[in-house]
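Chains as they are written, first to last, in this note's numbering: chain A, 1 to 298; chain B, 1001 to 1268.
One or more hints might be untrue.
What the simulated footprint calls covered on chain A by chain B, stretch by stretch (three residues with Cβ under 8 angstroms from a Cβ of chain B suffice, anywhere in the stretch; the number is not a length) [as the list claims (entries may be wrong)]:
#, region
1, 100-113
2, 161-175
3, 204-212
4, 264-275
5, 290-296
Listed next, the stretches of chain A that the computed footprint assigns to chain B, with coverage defined by at least 3 CB atoms under 8 angstroms from CB atoms of chain B [to be verified]:
#, region
6, 68-75
7, 89-95
8, 122-133
9, 244-255
These are calculated hints, taken from the structure and not from any lab test. Every residue, glycine too, gets a C-beta built ideally from N, C-alpha and C.
Chain by chain, the residues:
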Amino acid sequence: MAAVTHAGTAGERNLLPAIPAGLRAAAPVAVLLVLGFLAPLLTVAAYAFATPKSFEVFRSFTLANFSAVFDPSNTVWMSFAWSLAYASATVALLAVIAYPIAYGLNRMFGKWSGLVGVLFVFPLFVSENVRLYGWVLFFIKNGVLDGGLKWLGFSGGPEVLYTPGAILFGMLYVYLPFMLFPMSLGIAMIPKDLVDAARDLGASRLMIWREIELPLAMPGILVGMLLTFVLGAGAIAESKILGGQSVITIAQDIEVAFTYAQNWPLGSALALLLVAIVSGLALYVLSKLDLDRILGKR
Amino acid sequence: METRSQIRARAFVKVWTAFVILVIYLPIICGALAGLSKGRYFGFPIRIFSTEWWGKTFASLEIQSLVQNSLLIAFIVTLVSVVFAFFGALAFARYDWRGRKLFQKAILLPVFFPQPVLGLALLLWFNALGINPSWQTAVVAHLVWIVPVVTLVIAIQVYSFDPTLEEAARDLGASRWFILREVTLPILWPGIWSGALFAFLLSWGNFPLSLYTAGVDSTIPKWLYSKMVAGYSPMVPALGTMSTLSAAVLLLAGGLAITLVRRRRADA
Chain A
1 MAAVTHAGTA GERNLLPAIP AGLRAAAPVA VLLVLGFLAP LLTVAAYAFA TPKSFEVFRS
61 FTLANFSAVF DPSNTVWMSF AWSLAYASAT VALLAVIAYP IAYGLNRMFG KWSGLVGVLF
121 VFPLFVSENV RLYGWVLFFI KNGVLDGGLK WLGFSGGPEV LYTPGAILFG MLYVYLPFML
181 FPMSLGIAMI PKDLVDAARD LGASRLMIWR EIELPLAMPG ILVGMLLTFV LGAGAIAESK
241 ILGGQSVITI AQDIEVAFTY AQNWPLGSAL ALLLVAIVSG LALYVLSKLD LDRILGKR
Chain B
1001 METRSQIRAR AFVKVWTAFV ILVIYLPIIC GALAGLSKGR YFGFPIRIFS TEWWGKTFAS
1061 LEIQSLVQNS LLIAFIVTLV SVVFAFFGAL AFARYDWRGR KLFQKAILLP VFFPQPVLGL
1121 ALLLWFNALG INPSWQTAVV AHLVWIVPVV TLVIAIQVYS FDPTLEEAAR DLGASRWFIL
1181 REVTLPILWP GIWSGALFAF LLSWGNFPLS LYTAGVDSTI PKWLYSKMVA GYSPMVPALG
1241 TMSTLSAAVL LLAGGLAITL VRRRRADA
């Protein structure tokens, strides 16, 4: 972060010619990140050590919020467990769901791949609550599934709404593009000649996939998995809209602490723990990757 | 020559992709149906179709102010984020400088971050600064997340840009401003337009950041959510469908314009 803050001060000085062009170009974004991302996180960190149920930030220091979180009588660890389990399941299932599509976008759809790509991008521009609400209308009693089956003479649809399974389904649905596109960039990094050469030398399809395609596409796949995991761990809309109250995710606990309970220090302690898990993972994976290559530097 | 297993794999990928696309659009279609059915409560199959709720949604003054808020936020976010991200993308992909690798990773962090938590953190920060949350703070919140995304979109275009063009112009005595206007910008236009389109649409559809940082002001996604939780009326799916359709029209128009520009340039 040292260079980022440095860039921030560089932007305020009067653009001296000694400052490298890259640093000058980075300055506006760097200032935004410091003021809009780093500072809020530091505020959260400061609140996490403030007296519980108070607003005495920067004026008190206590570990009471953390001991409340780790108190055995507190069931907030359940929310953590649910969120991390949901995030892991989402990553694993989406990797399987998205791989054939990402492969097709690169190798099979030809001139159609642009259109297919746009069809997968578009849902990102429709807010997730609208799309999730569409599933409520689909699964609800007398909704599209239930009513449709009755109309066809069956006894009606299964009751899936407001169950833990519905939440997982909603997460798979919302986060698919975040797995698909990085994965597709990863698969684009596989040189086609290499695959052809391996085939000419008699390698089987499975062997080509395991020894060439998968390792070369790995950076993109990792980015997709990381992105999906992080977003899944912080998910809230899926459990609220599709899950009823069947599962409380950690983001929901944080929200309750910040809103109804008016216990900002506790909410901050929870948020800080979530951020520690998520950004620890993100920084670890990002440190292993060369972003120039993934985004297509020649 | 394709072997039989290759043909089978190809067929599987196509059928699977078509199935997933169908699943992706199914809830959007359900919402459209619900907004077009007569009666206060949704039931399927729809007995009577009507545009009653679309009319009521259009006539509602409350919804007009939501649309104005959403548009205003999206326009400001688009303008600011394109300018920031244009320079950010040059720092990301074009210039060779010492902090570049760090910058590349730092810029990804807001994207690799749960948005509800980012929204709540910003709420705390605005409160610590003594700023009352309103649509202006929502603009800041959107920027924190959208500027990095737009930077990546433009950076992809920058990677395909040959830096010797700028050097040639400099060798011929062109000023820095002249190079920016006559060389760099024209080459990067398609990326900048794609970035602007992304910025507008992501802001237009954003829910978690607006929920926590817009204060008493409401945007379309935020209002829809409050009605989903309490007080359903068919105006919810109707407005949701209108919002989706406008995004689709914008994406289509923008995509066509960018394709036309690319094609004309390829011919020239």
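Task: Which numbered hints fail - done: 2, 3, 6 and 7
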